Every structure is written in C-alpha cells, then in structure tokens.
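Number of protein chains: 2
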Amino acid sequence: MGKKYVYKFSEGNRDMRELLGGKGANLAEMTNAGMPVPQGFTVTTEACTQYYTDGRKINAEIEAEIMKNLGELEALMGKKFGDPENPLLVSVRSGARASMPGMMDTILNLGLNDVAVEGFAKKTGNPRFAYDSYRRFIQMFSDVVMELSKKRFEEIIDELKEKKGVKQDVELDAEDMKQLVVLFKDFYKKEKGEDFPQDPKVQLMEAVKAVFRSWDNPRANVYRRMNEIPYDWGTAVNVQSMVFGNSGDNSGTGVAFTRNPATGEKALFGEYLINAQGEDVVAGVRTPSPISKLQEDMPHVYEQFVEIATKLENHYKDMQDMEFTIEDGKLYMLQTRNGKRTAAAALKIAVDLVDEGMIDEKEAVLRVEPKQLDSLLHPQFDAAALKKAEVIGKGLAASPGAACGKVVFTAEEAKEWHEKGEKVILVRLETSPEDIEGMQVAQGILTVRGGMTSHAAVVARGMGTCCVSGCGEIVVDYAKKCFTLAGKTYNEGDWISIDGSTGNIYGEAVATVPADPSSGPFGRFMAWADKYRQLKVYTNADNPRDAKQGYEFGAQGIGLCRTEHMFFEGDRIKAVREMIVSDNVDDRKKALAKIMPYQQGDFEGLYEEMKGQPVVIRFLDPPLHEFLPTKEEDIKEIADEMGLTVEKMKNVIDSLHEFNPMMGHRGCRLAVSYPEIAEMQTTAVINAAINVQKKHPDWTMVPEIMIPLVGEVKELKFVKDVVVQTADAIIAASGIDMKYEVGTMIEIPRAALTADEIAKEAQFFSFGTNDLTQMTFGFSRDDAGKFLSYYYDQKIYESDPFAHLDQTGVGKLVEMAAKLGKATRPEIHLGICGEHGGDPTSVEFCHKVGLNYVSCSPFRVPIARLAAAQAAIKNPR
Amino acid sequence: MGKKYVYKFSEGNRDMRELLGGKGANLAEMTNAGMPVPQGFTVTTEACTQYYTDGRKINAEIEAEIMKNLGELEALMGKKFGDPENPLLVSVRSGARASMPGMMDTILNLGLNDVAVEGFAKKTGNPRFAYDSYRRFIQMFSDVVMELSKKRFEEIIDELKEKKGVKQDVELDAEDMKQLVVLFKDFYKKEKGEDFPQDPKVQLMEAVKAVFRSWDNPRANVYRRMNEIPYDWGTAVNVQSMVFGNSGDNSGTGVAFTRNPATGEKALFGEYLINAQGEDVVAGVRTPSPISKLQEDMPHVYEQFVEIATKLENHYKDMQDMEFTIEDGKLYMLQTRNGKRTAAAALKIAVDLVDEGMIDEKEAVLRVEPKQLDSLLHPQFDAAALKKAEVIGKGLAASPGAACGKVVFTAEEAKEWHEKGEKVILVRLETSPEDIEGMQVAQGILTVRGGMTSHAAVVARGMGTCCVSGCGEIVVDYAKKCFTLAGKTYNEGDWISIDGSTGNIYGEAVATVPADPSSGPFGRFMAWADKYRQLKVYTNADNPRDAKQGYEFGAQGIGLCRTEHMFFEGDRIKAVREMIVSDNVDDRKKALAKIMPYQQGDFEGLYEEMKGQPVVIRFLDPPLHEFLPTKEEDIKEIADEMGLTVEKMKNVIDSLHEFNPMMGHRGCRLAVSYPEIAEMQTTAVINAAINVQKKHPDWTMVPEIMIPLVGEVKELKFVKDVVVQTADAIIAASGIDMKYEVGTMIEIPRAALTADEIAKEAQFFSFGTNDLTQMTFGFSRDDAGKFLSYYYDQKIYESDPFAHLDQTGVGKLVEMAAKLGKATRPEIHLGICGEHGGDPTSVEFCHKVGLNYVSCSPFRVPIARLAAAQAAIKNPR
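Line order of the protein sequences matches chains H and E.
Take the first sequence: its letter number 267 is residue 699 in this note's numbering, and every next letter is one higher.
Take the second sequence: its letter number 803 is residue 1235 in this note's numbering, and every next letter is one higher.
None of these hints come from the bench; they were simulated from the model.
It is possible that part of the hints are untrue.
Which copy? The list can't say, so a pair holds if one copy fits it or any two copies do.
Straight-line distance between alpha carbons at most 30 Å, and here's what the computed DSS-like set of lysine-lysine pairs gives [said to hold, decoys possible]:
#1 Lys633 to Lys617
#2 Lys1280 to Lys1251
#3 Lys633 to Lys583
#4 Lys772 to Lys847
#5 Lys583 to Lys610
#6 Lys1063 to Lys1218
#7 Lys743 to Lys762
#8 Lys500 to Lys1043
#9 Lys617 to Lys554
#10 Lys698 to Lys1026
#11 Lys1244 to Lys1280
#12 Lys1227 to Lys1254
Bear in mind that the values here come from a model prediction, so they are computed numbers and not experimental data.
Modelling step: build the complete structure from the supplied sequences, incorporating the hints.
Okay, here's the thing in structure tokens:
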C-alpha cells in the first residue's frame, strides 16, 4: 500500500494543513462541523512533490486515486461528469500550506463540454447561463492550463458585441454565448492544433497538473522568496463541486472578515455581489455592497452567515476571512482562514481576544508577525492618496517606511535644501560613508545600484529612514542634475515618493501619515512580549541620536557601536588622515591625540543615553584606505590641506590598495600593526565611562570593549594586553573602582572553530554574522548580487543569506562557537550584532542556540523583542 | 618540591633532549659513555620557559639550583670561581632541542676577573695567554650580554697595534694584553656607567640570562620560522668547564664528521686548527687543515679521536658531527650530534646504514628530511654550456647544485632584487645569521672566507641552496659594489654562475639542465618510501610537460588540472574573450565551440602522459575579468580586433569589476550562470577520454571532473546535472562503455561544514586548502603580506599558513569534512590539491586525517612521497 494522496473533505481536519494545504484543511474542518460546504476532495501536497519527483508527471497510482474519489463525489452529489442530463461541474483550486494569495490560478465550471452544457442548460432551465459558464470555462482552461493569451478571448467577445451593436456582456443572449463557444473552440484548435478537450476527466487531470505546475511559476517563486516559504512544501489541489452565485438575483457571492482587518474593530466586515461568481468580487469589476446590506437583501441568509462566522471565530479563536456563495437563496461556505490584517489590527485583535478570554497572553504574542511592527514605527502613505498615485518604477524594499520629497543628487545639496526647510529624497548611484550627513537629513534614499545590504540599505535601516535601493532602470545624469525613469525625466527639485516597504517609486508627491506606535495597545502587547522572552535585545548605535531611539524602542543596551562612523564627521576626518599618512609611531600618536577627545565625547553621549545599561564599543574595523579620497581632485585638495605633495598622497593611497579589502588589513589587524590606535580608543572609552560614572554614582558603569575580526587567540591577547594596560592605568589614576570587559567579534570562521581557545581571553562573544556569512560562503556581499539571481532562479538558495541567517552552514559555526566558548568560560555572554539580529527567523535561531542577546538597528528593536518572545514561547529552554 | 631545573652532565642522557637541548643531552650521553668531556651542567629548557613566564627574570629557586651545581662543579674540578690561585673558568653555550647553528651566542672564559686572571696566569705559567683570555672574555661578554658594539673593541686593538707598530695580534705581548684589559674595562664603564662585573657568579647569571634572551632575538625568530621550530620550546644553557685549544702548539681544536656530509662517503671528514679556539674554525678566519693531517701532527690524539668517532656513530647509529679540543695534547669532546648533510649524502648514508645492518628500512626512510630531496631535483649545468664556460676561480664545494644569477653583495639587496623577479648570487666575505633571509632567496651563495663548516656552508646545505665558500682570491669592495677575481671586475648586476658540487666559479651565465635524481641510491631509497606510505601522491599539472615531469618523479595521477591555464595560450584567449563579451547564450556557445577542440587536445595530451592513471580536471575557476585587458591601449587593441567599440569593451570590463574578486563570481558560480561553459568542458573531457581509451584499450580511462568553489550541495547538483547529461549523451553515442566521476573541491568553509550533504552528490573531495585557508582566516593571500610581518613579530603566527596547513583551524574543517563525507559515502575518495600537498608537515596531517592522496607540483612529488612514508611510519593507521 502506498501513500494516501487524495482526501475527501469529510476525511480531513484543520490539523492536516501540511498535507491538505490551508484551504483544504479548513474546508474539511467546516465540513465536519456540519457547515454548508459544497463537497469535494483534496489532492495532497505530497502528490505535488511526487509530481516533481516523477519529472512533472502525475503517476498512475495518484491518477487512479483521483478517479476513485471523483466517482465517490459523483455518487454523493447524484450527478455525473459529462452527463447529458445532470452533469457534475467542479472548481479546481490550489491551496498551499501557507496562504499565497493571487499566486495560484483557479479553474471554474470544469466538467462542461458540448454534451454536458446541454444537460446543464436543461437542468438549470437557463441555456444562456449554461453557455456563458461553458465559454468562461474554455477561457479559463485555455489561459491557466494551456497558456493561451487571455487577450484574444476578450477580443473575440468585443468583436461579437460590435457586430451586434451592443455594449455590455449582459446584452449578449444564449445564442451569442453559443456562438462564443464555437469561436473560442476554433481559436483553441488553431493555436493548439487539437480540439478543446471534451473528456471531463482529461480536463480534470490537466487542471490538476496546471495547479502543480503553477507552484513553480516565476510569480510563485518570487512570492515564496519574499515570504520565506520553502519550495519543497508543494501545493495541494482542491476539487469541489460548483455552486453558482451567478445563477440569478437570488444568488450572490461575497467575502467577509469577522473583525475589521484594518483596525481590528470587532464587527463583521466585508462585501458581496448579487448574481456574481467569486472571482467578480476579487476582480473588482462591479462595486460590491457592504456585508451589512445583506441583512436587508436576504435576512435569513445573513442571519445564518453571522451565526457561522461567530462559530468559526470561536472555533479557530482568531479573526476569520471567509468566502461564501449563495445559490438560489442557499448559503455555501467556500473558504475560511485566519484573516490577514494590518499591524494595528493585529495588535488590537490579539489584545481583545485575551480580554474576551479566547486566548492567553502567550498565544496573543504569537499572533502578531514581528515584521509587521515595522509599519507602526515608520511613516506610511495615506491610503487614499496612494490609490491615486502611479508607480513609475520598482527597486528593492531596502528600509521600510514611506517618504515624499524633492529630488536632490548629492549629500551637500540634501543638507542645503534641508536647511532651507525642504523635504528631500536623495537619489544616488550608490552611497558611501561621505554621504552620511546628507542621508541623515533626507526623507528617503533612492539608489540605482546595491542590494539589501548595500551601504545605503544598511545605513538607512540603522537610521530608520526609508530607502529603495538597486533600481537599475534609473539613469542618473549627475552633471545635468536629473534622472530618467519609465521614459520621463525628473529634475532636481521635482517631487517623488518612495515606499521602502514595497520598493515602489512614485513620480509625484504622495501624502504620508506619521507613525504613532504608542497609541493603542502597543505598550500592553509589547509588555507581554518582554515578559515571555529570554533573549535580551540590544541596539546597534553609533551616535547618541540612534542610542536614544533604540532606548525608546526598548533596547536594553548597545550591542554594537561602530567607532569608525565617528571618524568621518567634520574635522575628525582630517586628523584621521593625518594618522594614516604618518610613517612613524610618534606622528601617529599625535594625530590620534586629536581624535581622542571627539571619541570620548561620543562615548559619553552614548553612555548618557543608555542610562547605565551595557554599551559594547567595537574598535576600529575598516581598512584605512576607506578614509582616504579616491578622486584626483579630492586627492589634490587633501594633499594641499595636509601640506603634502600629491605624489606622497598618492603613494600612501597606492600602498594601502588591496585586492580583496574585505579580507585585508582591517579589524584587529590594524591594532596589531598600530597598537597606538587601540590605546587611543581605550583611553576614550575609559575616560568617558569614568566621567559618566562620576556624574551618575547610582549607575554601575562596566564599559565593554570589543575587538573585531579576531581569528586567533594570540592576536586577541595582543590587543587585549594593550587595552588592559591602558585601561588599568587610567582607572588606577582616577581613584574610581570600575570594572570593564574585553571581548571579541566572532566573524571569521577560524574564530568560531577555535572558540574554546579564544574564550580564554574573551569575556564575551558577539557574532558578527555579516562577515561570518561572507567568509563561510566565500562570497562578498558587494559582489554576490551579480550571481545570486542565478542562484534564486535555480533554487539553489531560496533566500538571501545576508537577510536570514544560514542555519545549515553559518549557523553550525555559531552553534559550535557558542558551545566551545561556554565550555572554556561558562559565564561568557554571547550575542549577535549582524544584520540578522533584527530578523525574526534568525532571532529564533539565536534563542535556540542559547545566546544571551541580539542587537539590531533601533527601528528593529521592537521586532526583535517580539521575535524573541515568540522564539521563547515556541522553544522553551 | 619544585621542578629540577639544572642537571649535571652525569645526570642526563640522550633521551632528555627536550629538557636539556640537543647539545646538553649528548654531552650527558658522552659523559656516561666514559668519553673525555669537560664537566659541567645544563640549565633546562623549562628554566628558559619559566624565565619568560616570570617576565624575563630568573627566579630565586632556579638561581639557587645553578649555584648549588656550580659548587659541585668546583668540587669536581678542584677549582673555584674567582680563585686567585686556581680559578674555575667556564663556557656558557645555548643548546635548543633542535640544532640552531649560529643562532645562539656563546661566551668563553667566564670566571675571569682582575684577581682570577692572575691565578690563571700563575697556573698556566703564561700571563700573555691569561690576559688574552681575559680580554677575549670582556669582549664577548660585552657584546653578547651587554650588547656593546664589537667594533669598538676591534678598533681599540687596532689602535694599540698601530701605536706599537705591529700588524698581527700575535705580536702583542702580555703587557699589551693587560693594557687591552684596562682599555676594554674603561670603555665598558664609560658605556654602561658601571664597572665590568668582577663577581663570577654575577657574570654567570648574566650570561645565562643572555642565552635565554637570545632565544627571542630577531635572527632566532627568523630561523625558527624557516625551520618550523616552535617558540615555546625554549633553549637550554650549558655551563662547561673550559679547555683551551689556544694554549700553545700542542693544543688545537676542530670539527669532524664520521662520514662525508656532502657525498655520504664512509670516511672521517673534517678540519682542525692548531692553537686556536673552537669559534676560530667556525668563523673561518684562518683556513684549517683537513682532519687526516692530524694523523701526522698528533698521531695518538688522532687514533683516540677515530676510536671515539666510531664508537659514537655505532652508538647513535647515524653519522656524527663532532667538536673537539686538544689541550696540551689531551683530547676533549665538546659536542656530538647527528650531522647535517646534503640530500645525496643523506640518501647514501641511509642506504649504507641499512646495508651495514645498523638500521632497518623504515628507520632509513625516517633519516632523510623530505625537503632536502629538493636539491637532488634542482637543475645542474648543461654539460655543453659548461664546456664553453670559463672557470674564473675556485672555492670549496660547500653545498651542491648549480646556480646562475646576478651578483649582489648584501642580504637586503638579494631580497630586493629577488622581489623584482631577478635571480641573484649573494657574494659575501663571509655570512652571518643576519644574512639568512638574503640567503634564502638567492640562487647561490659565494663567500671569500670560511670552510666546509662555516656559517655559509652549513646554512646553505640546510636550505639545499648551492654554495661555494672560502674562495680567498676574490677581493670584495662592498662600497663600490664590485669584486675582482682573476684580474677582472664584476659589478653588482653582472651575471656569474657557481657550482656547489665542484667549487667552480664562472664569470658568465651558464645554462642549466634539470636534475637526474634517478642516479645513485635515490631509486632504491624511494622504493622503500613507496613501500611504507599509505597516501598516494598525485601531481598538479596543467599541461603535458608538467604531467610528464610529475610522472617521472613518481606521481600516481593528476590531482589538479587547472583548465583556465589553457585558456590563455595563443589564439584561445581570443575565443575566450568572445565568449565573455557575448550577451546571449547562442553567441556564448559559438565562442565556446571554438575553445573546445583546444581543451580536448590538452586533455588528450595529459591522459597520454599519465598512461591511464587518474586525472582530475577542475572546471573553470577564475573570475572572467582575469581574461580581459586592463590597460587602455590593450583595451583598444582588443576592441578593434573583436570589432567592438572601445566603449562597449569598457562596459563589459566595468560590469565585471568586483570589490573582492576572491569572493566573487568565480568557480562553480560561473557554471551556474553559464551552464554552457560546463557543457563545453565536459564535452572536451569526455571526448578526450574516449579517444585515448580507443587508442589504448588496455588502459581503463575513468575521467574525473572536479567542480570548484562549491558551498552548497544544490549548486553542485545543478552543475553535476549539466555534466552528467552531456557526458552520458557523448558516451552513449560513442559505443564505448566508460565510467566517469564528478567530485568537488572543498575550499569554502560552508562546503566543509555541510560535507555530509555535499557527499550525496560528490564522488570525491579534493581539499583546496589555499582558498580554504583564505576564507577560514578571512585574509587574502594577495593582501596578507602587508600585515603578516607584524604577526610574525608579535609571534601571533609562527609560520605562513599558506605554506604549512593550519591544523588548529583549517585542519579542523578538513577533518570534519573528511568525517562527514565518509559518513554519507563510505567509498568517497579524499585528496588535497592546495600548495600544502607538497609540504611535509601538512602531508603528515593528511595522512593522520585519513585522506587517500595528496597532490602537489611535479618537483615536490618526491618530497611528498617521502613525507607520506614518514607519516605512515610515525603514525600507523
């Protein structure tokens, strides 16, 4: 006996979602709850997987099982496939484990052929309806199964209407519909070289195959990648006997939610159309009526529907999204599922359900998708304004939120315009550290090049600024201060709007509404999340403003302060360059002495904002050439400024050139070569901590210093010795008793592999999963964009390993390092500070492997808090 | 009770080498064998380690133990430290576990002070000798212990000689020597601000500290790195009562080997100087007499020495290198050790010792340093060219081999010229440890002074570098950067050639021919190695010439054929560029079709040379931009040639630019993007194999295709599917039944971490430890040079991880992958094809983790064979 590949609705239940898909499982559940569901059966997701295993073929075993179930459905309905008197008609719908709205195609009225249509006409007493159903079926089948162009069918209808001198479809009569069937079949034969299939069983098998096939269509693949749905899940197929909402004015169809999906308000919410098929509601051709009006139109049906809706919500203990059809005054349920909702609605519903005693706090915490919180924290477009706006292009949704402003092309202009009170969108080929100040004042950032982890994307996310990156269709002309997109030119000063949550670009000003997370049940809900999570959530912050933002969003510390970001501002960069061109220790120390007070001030600012919570400061990381100019004119200017010849300046730049800067002279390698840098940074950290400690005697300042890019315990020890000597001397002189910690990033595979050794010197580990991912995969974040698209196309990788931690490979190193580290030093604390620290699936992984905290950009802190809570509830330690 | 930090010679033995160092252990062994050894004691290597642990201090416990042993030595010798009648004088010498010739400093005559010198004068009846010894001691102590310049002491002597109007040191009398002692002590006081230490115990403790200190001097560190001697071994210190080879004409000193260290011939070989101290022989200031002459000079001493030498060789079962001193006609043994020897000598001695029944085959195999074989494999002069070449001078044949290069006069210049790609001969009056790095890069070394055991000779033999020493006719002018020989002047940059096997010097470039290692005992010896090794040895070969060379050196297959090397030759590069600029599959296929026949021909050539042995062909690996021009003029030329605009060409080049090419679009990523490349390469491999199979029906051709840079099983599967489809079709069409294998490089950390998955698709693994090292350490081989020197200085890394496999980190990945791979596929075969495949310590590691083969460049094949045999003998599986 093989597997069971087909289940009657009466054989399944809601727990069989993996096998039957969401739709199939819920149809079964409703059937067994005695609700009015048109009967049918579900072909399982395993049949889909088998279809692909068999080289895109449905094997004989599965086909036989489908036919057996078809026979049983015929018996149940008292109708027969292709029967000239009373034919069975069915719909064929896809239904995957997770809802994939709009991604999979549906076929209605299957079972009609030249003979059955006559039987159907007789049975319904409505030949026009019968032939309309038949021509609709031919159209759908040709499009979905046979991939013929929909357009030509529409043209044929239009030609007929013109010939008859009518305007509306409803003006076509039964004969016209018959005529259309003939014309459609002719077209089909011409295109496919064979007759339209008359055997309903052949129609059925082809339709099932088409659903399976659609699992692998490009839209499905893109959607899956966006929504992290594994390819190997497969889709189920639901074969259901037809009911007709379009069989007259006593019929209709609609969709409804048990609560308002936009606000969460507890009231039936939805709409319906009289005399229409389900697709008509979705397609929006006619304007439907609000569900409340059904009470007037068909009071009994309405009453029954409200009863069913309430029962379903109580049964599923969640807001339901339902489809129904009324055939000749009789109500049929076609679908129920947990309804999609906005973040605001999700929070309100979760909290209300707890208050109503339906679910407990833990369940409520699980009910909100962490990523959804994003939309509560960023400005959004005004819904009405957005409907009218035209999308002129699309890039990557690099940093969420909505922004609207005037186009500028340089960071300097952004600052100037901002100072004049203008809102700007900074449009760049790509951004670099010099653009930071311009990025800070812009409403949004739009780049032509760069992926989700490009400089623009990473920095924008850190700032909470909206960013659309990598819109390759844009052609920028910096010289003329304009760009062209979709055939139109946009000049400096023109209004555009961008949506960092979708990647959409609009060529006009679209009104936005500000974020206000503190309103509504946000605080109450997040308190529950905090109650159940075990991971601490820190923020990545390089300046007091970010630190403040993170603190307000609930960060319990700073997990990563990138000190190099402080090196670029204002006059500091001059001193940094002086240091770099120094060819001896003394000159280097002199230059570093100029930078020290700035760093100390920055650190004091961070400490003040974090009010005594942990602050992990990472020492200088990037290769020094990043601080030097690259353009001829800049080189000259800076050489002049520094009193050097252009030649000397160029020599320094040349000597710093690297073939693979990512694997070059950076991280702790800088401190090994130039210990005076570590000395200066230690001085700044410890001085700052002492000053803040003196000001706030009630805080317990324990500065944490993090050495980056360590691959070998001896290099950590070398740098740590410099830190300890410097720090101990300052603390001793201060007369204050202060502890401090020295730890390291684990971001080089060798560090993870030798973490037992490294833990001898490191008091904490922070997993730098950005670099660790690069090294473990052996591809550079900046270059991978060029070939990763091929990898997605071939389904070699299903998601971007820089967005979601690769648990198989990189995760193995993280887990190994965590274990080895704890074995050497049981009290070691472990965190993560890569981009993954704010990604819910990665946060769950961090919980599972026993990390102590995750650290992410300020705007992702609430997301991480919720994700951590969900991880803890799902995986009790 | 603490550790025992000091051992009398009578307390030790040869097995205590780790604790007592080589010299100390052998002095103890000879003492216990009843040989005439001046008595003394050894301060252990653990005391050295303790010295560093204690922050470069000798702690009270160790000092007390030294003093206790000093007291016992005084009692034994009947002399007392600083005694005004009969003072005890000692030498203080370093002695590490491994021989480090010339690296550690020696102090003689310690114990002399203003009082003892008088007692010594009385006792010897030779005041001149006593004061000469005292001034020598002050000089040595000041130099070695106090780091005062040697030069000033020599100047003081020269000034005195000038004042007295004499030329030779021997013309100075006792009063002069007394005068020198006064002048030396004055200089010492002026420089150090304190009197020359008069307390012999203080002298001793300072000397011991200086030896410990010298373990960490830069020369020692360079030598250790070259010779893979761990820093933490430390050195022992030998304190030995003095005997004087310079106390008259009935005294002398010498060094000798029990067999000829250049040829292995069984005959006493060495040299001695009458009335001299040991250092004089080594320094090569005077030219010594051959040891055979001692038979005439002192027949009884000679007889006794021969007897001891024979006894020592029989005892150690190996050729001995001995130092001796004759004081007043009495022979003293100062050292014995297994002698350094040339590769030819090593082979001959090993084979002879087996024939003499002294050792067995396995022991013989262990007796030859694998790296030494190098010198057997290096070029000799072309006989015809040599006939025409004129010998312009002759020195000692100090280290065999032929060398030809441009004259340089300093180690620094040698390095500089070498870095510019020049071949150099380093010409020096004599060499010293500071010259080591220059000697390493030189083709050959030519010295004016020094014998067969001079620094230059010993070190050159160790390195396998050609050396001619002691050519006294050469007059060097360092200032003018020239030397004259036979009336002709040779300037820096002029070509010369030297023959380290004959001592001949040629004033021109003389052509060289490859070595013929198959002559002599090489074949017999290597057969033993082959008998005991378990690892197979393959060669890396990209063309038939290399394949042939590898085959002749005993390679059992090709472990790595880099197909991209074939892409550069002749017209092929044009087709390759055509492929790269193609923007569609068809054009790409057309260009690839042009390359195919070349590749096929290359593969046929390889198969023919390897005579049916395994040949692993790696598919295209480098990023495509490596095949494109970079210079403006080349771009123009190639654009013209290809009928493209310069702009289009530049666009292609720009589009291929990568920030980190090492981590970019290369390896199997190319085949994922452009499967047609893999198709073409598969076609070439399979066609070639079929053709060769048809020509040689007795061979069993099983082509092996290796997919590079795999990090995920799905990407391997994708490329493998392309290979399999292509290959199966060709094989089916050929009518031949041929098997083939598809495997992968393991060179990305993620591949090692997920090797269980990857082994599902890979039939073999080949560890690409070059890239694996880069990714695991997170540094690029091309850039690491800039900062690794700091790492060596700080002892963070002791050897280049690209030369010796990092067993701690990278090795952990290799071991993990080997285990995971075997777990999935027990019959999987495992090899290594990185640079490490020819490095003996790495080969041993490969044996230990159970690989099946190593693959290395042709010239390293014999080294790998021997290393594999030694690994197997030392680590039975």
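Numbered hints the structure breaks, given as an ascending list: Hints 8 and 10 contradicted; others consistent.
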